[in-house]
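2 protein chains.
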Amino acid sequence: MQTIFLRLKYDGSHYRGWQRQNSSPTIQGVLEKALTKLLKQEITIDGSGRTDAGVHALDQCVTFKAHLIMPVENLKFALNKILPIDIYVNEVQIVPNDFHARYSAVGKTYAYKVYTDYERNPFLDRYHFHFPHKLDSESMKSAMAHFIGTYDYRTYMASGSSTKNTTRTIYRFDLDETDESYVFTITGNGFLYNMVRIIVGTVLHVGVGKIAPDQILDIIESKDRNRAKFTPPGNGLYLKNVYYDAQTLNEFVSEMMK
Amino acid sequence: MQTIFLRLKYDGSHYRGWQRQNSSPTIQGVLEKALTKLLKQEITIDGSGRTDAGVHALDQCVTFKAHLIMPVENLKFALNKILPIDIYVNEVQIVPNDFHARYSAVGKTYAYKVYTDYERNPFLDRYHFHFPHKLDSESMKSAMAHFIGTYDYRTYMASGSSTKNTTRTIYRFDLDETDESYVFTITGNGFLYNMVRIIVGTVLHVGVGKIAPDQILDIIESKDRNRAKFTPPGNGLYLKNVYYDAQTLNEFVSEMMK
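Chains as they are written, first to last, in this note's numbering: chain A, 1 to 258; chain B, 1 to 258.
FYI, nobody ran anything at the bench for these hints, they're computed from the structure.
Among the hints, erroneous ones may be present.
The list makes no distinction among identical chains, and a pair is therefore deemed to hold if it is satisfied within one copy or across any two copies.
Claimed, not checked - BS3-like, lysine-lysine: derived pairs with alpha carbons at most 30 Å apart: (1) Lys229 with Lys65; (2) Lys81 with Lys33; (3) Lys134 with Lys81; (4) Lys210 with Lys81; (5) Lys76 with Lys134; (6) Lys134 with Lys240; (7) Lys223 with Lys33; (8) Lys65 with Lys40; (9) Lys229 with Lys81; (10) Lys81 with Lys240; (11) Lys164 with Lys33; (12) Lys210 with Lys33.
So here's chain A without its partners, still in its complex pose:
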């Protein structure tokens, strides 16, 4: 048995998220079916994390165990030949047996895209949250700075999650504005369920003036889910990077200081 590692991109628009389901197409379901067919053995994969319905990935990572019956380069080619148009595997390699897509990860970057035009745009809707309000970038940026650091992020976890340890570290949180959208990019050692979306929801409420930037620490420390109730939809969210190597992560984070 060998341990195989995949990096892949997907447009999540037409999937009920990552996790295998019997009734609806999911990314895990489609990948396992393709791998099982190509490798002629039952394959079960582990992703670096689950993505919800409509959420996209620019760099999702996967590991699985298999008897590799073809050269690893051929597996990449064969997979891309049978995968649907909205999933593409960029890398396939053999990794040490103790490597695990989820447990070996030391950090992750997510992006969240928002457009604020008054009119809906059918070319942006599947890939952005449509939030037709004027946003104040300066106050959003000062709010974002308050999220950097190590906190108990219980306020920023979807209700009903059972995770015990809710302390997470956020290393970096950037805002880029383009002609058509606002792009929030956040890097941390890990994220609770819905944490990125709820954080962006709070920042958008700062952007429209509903919350002041200096209330952020208070909201985090309140550990009161009712103080951060706005969860923007999945279609604006992208899993952008998974880090397995502390040095690469540090280099990315320290770029910020320049």
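Chain B: place on chain A using the hints.
Coordinates of chain B only, in the frame set by chain A:
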């Protein structure tokens, strides 16, 4: 009866083109159904032109006759409420009775998008033609200049078309390069069936060195369909503008001179 004019955008990915069909979803079919429902009368619409399966529109124009049973502003709102996520109406207005989306048009602009990365990108595939080859922009630009003018464009019409008058004027043809793609933008008084795609096919063949720029006139004048056989797919094509007013068209064309 009044004549109503609509401007709309659509992501054509999930449609079998413009023209109404019984078996598959089309843009015309979806719009007529929505209008018939809202206006409580059988509505038949005319588009400025038909788009093929997978082709997009940034600015398609439509006219139809109806007894308007609600204010025109409400019709825009009501339509957008029931149309699917990939179609959006930007403008609804009452126009003179002799105005016709197709016959009143004096020119059109189309865009065609191509990306050339070696690896497929699931976020670009529905909106670009994936042509993984190195392109020479300078030779493409000099080829493109040869298309400007009035010619019998029979070579650049899909085989089997029955159009009699195959003379068309191209006013302007631009190439823009972005980080991720090449965007061809072409404006003319009208286009034959598949003409934009076949012209872009020839230009891409120039870009990879299969055809020299100074062969273009020869190919157009040959009136030999076999000399321009490459028709890139519909998913890279966008109907970008329809002009109803010669002055607006002239202003756009003469910008080129600056």
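query = Looking at the structure, which of the earlier hints fail to hold?
reply = 1, 7, 11, 12
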